[in-house]
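Counted from 1, the sequence shown has number 65 at position 65 by my numbering; the numbering is strictly sequential.
The reader is advised that the hints may include incorrect statements.
Unchecked claim - What follows is a list of derived Cβ distance ranges for each label pair:
#, residue 1, residue 2, range
1, 352, 618, 44 to 50 Å
2, 514, 558, 35 to 41 Å
3, 202, 222, 40 to 46 Å
4, 114, 45, 47 to 53 Å
No lab work stands behind these hints, which were simulated from the structure alone. Predicted model only: the values in this text are computed from it and were never measured. Note that CB positions come from ideal geometry on N, CA and C, so glycine has one too.
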Amino acid sequence: MKIPFLKKKKSRITTEESYKRLNTNIVNRIAPDSITETEDNIISGGNYTQTLVVVDYTSVLSQENIQRLTDLNENISIVQYIDYFETSKVVKQLNVAIEQNEIKEGSSYSKGVTRKRAEAENIAADMLLNNTVFKGKRMFLFQLLIHCVAPSQEELNRVVNRVKSEIGSFGKAIYPRKKAKDAFDSILPLNKNKVYDLTYRPMSSQAVSYAFPWHENEIYHTGGKLKGRNMMTGNVVKVDEESLLNKHSAYVGISGSGKSTAMFTDMARDYMFGHRIYAIDPKKDYGEKFKAMGGEWIKFGLDNGGSRINVFDVPARAVIAEDEDSDKINESNPLLDKITTLTVFFRLMYPEMNALQESTLNQALIQVYEEKGITQNGTDFSKLKKEDFPILQDLYNLIENWKQKDPDRYQLLKEFHQILYSYCEEGLYNNLFNGHTNVELENDLIDFDISAVYRIEQVKKLIYFLLLSHLRYEILNGDGKATKLYIDEAHIIADPKVVVAMEFLFELMKVVRSFNCGVAVATQSISDFLSAKTEFRNYGEAVLDQAIQMLILPMKRKEVEFVNETLQLGLSEEDKDFLTLFEATKKDQAGKGFYYLGSNKVKIEVFLTKLEEELWFKKNYDLFDDVV
């Protein structure tokens, strides 16, 4: 008799079971040869371990306190178990809790503190009941375990004590000696919590969310530029600027906070990566270093024969942003663009200039160029040489001639003409501004040293703006090579009387990013930097908004509060304490701060490589001969 073939029924395996089987296979492969359980630890594969369980929590949880645990630079693993807490069971437990607290409130044996605590717990229970029953909010059963690992018992004790200290701000952690092996098993990737009865705690969805590491405590881009050391984890911070929205950055910190050192490390590493570097240097910080690295050190001063850039130079090409909120750029007439730039320059020189005076000055500027044969439509600017352009003296002489030929126009510019005298042939600042350009920008590492005139109020805004406008033209007419423009003490360009100067910097940052260029601004006076504003926009703030990277270094407490409020950083009290600079610890605090990359934030310590340290601190330039 033929027996029919019976098809074996396949058993269905759920997705969760398949993961469990996979995890079991992985655990079997990586498991140590032996596990030894002692009174103080579990020894696994030569490592000493303790698995802590959190058995109690404060009434009010703080996300910041929990995040500090996840930021610890220790060999620990954090495991969370989360289960849905059925509403019916929530109500049942709340009924019991409310009844017990009502008994405590009405008991003649309850002391003041006990009665007040019972009242507070009943209020909390009422709120919880309202949220779960009437508002439909979910509750969860939450468990938290921390697995600590160290190579020795002494080191394990240190790690455990540190973990308990951090947990102490929001709960209580214990080592369950009688269930130590169960706790150890519970952190394995098997999804089995063997110490459930010790660890579960009813929590709202908001409280549970605090335990999730929404913040980013590591910034590491493969192949990126080294920025410093993550102070919480000990890992290096590396950033690939080519992958970012732009290459702009900002440094904020008072004198002595390590701001210049941080800028120098970025300059040196950018140069190492093949970038062209321009630095506006008001304190003579970088010139010698650049020269030792094979760069150019251009010094500006009042003496005869010094470096000079002609304010009347016209670029071969001019580009402007389509509007302040657009990334699109358009070609502009070089002469008209230059006259607009010159108007800002002269307004910085003479802030009291009104609209009529500005219009008259523009007429003079056009006439000065026409006398040199340079017009809006009939000139090929790519063929002009440096000596073909007018200089400040030509403008001064033109207005001087108006005394006799056009007295009405002269009267409008009389005060401006008198101020202009200081910058021309016999004036104090003649050698700085009056004459044709005598510097070449062919090197890929150039420091513009303006330390000789940095303390002169009448001059420093002008030299800053002149360099910014000239370098803007250099970048727009360049070869497209990756370039970084570093502007130290950038608050100098912020003038509440001439807001358009900071607006120029904002527009510059929008335009040059399309030409493979990043702008880095640094300031030790954030209040001055944010002083250039109109009723519609704060241009200092707009410049900082352009910077996708920002390094906030120590400063006085008042400034920390101002920065936090103005830039909306959302710093905690602990963060503010960390940034507050104290004279007694100023040296130790230098170079330590918060580094922001977009919405990510890490506590960072800037450090120099051995070669950078020799160059920056010891000024041992001979070491760099072979490097250059």
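> In ascending order, which of the hints set out earlier in this document are inconsistent with the structure?
Replying inline: none
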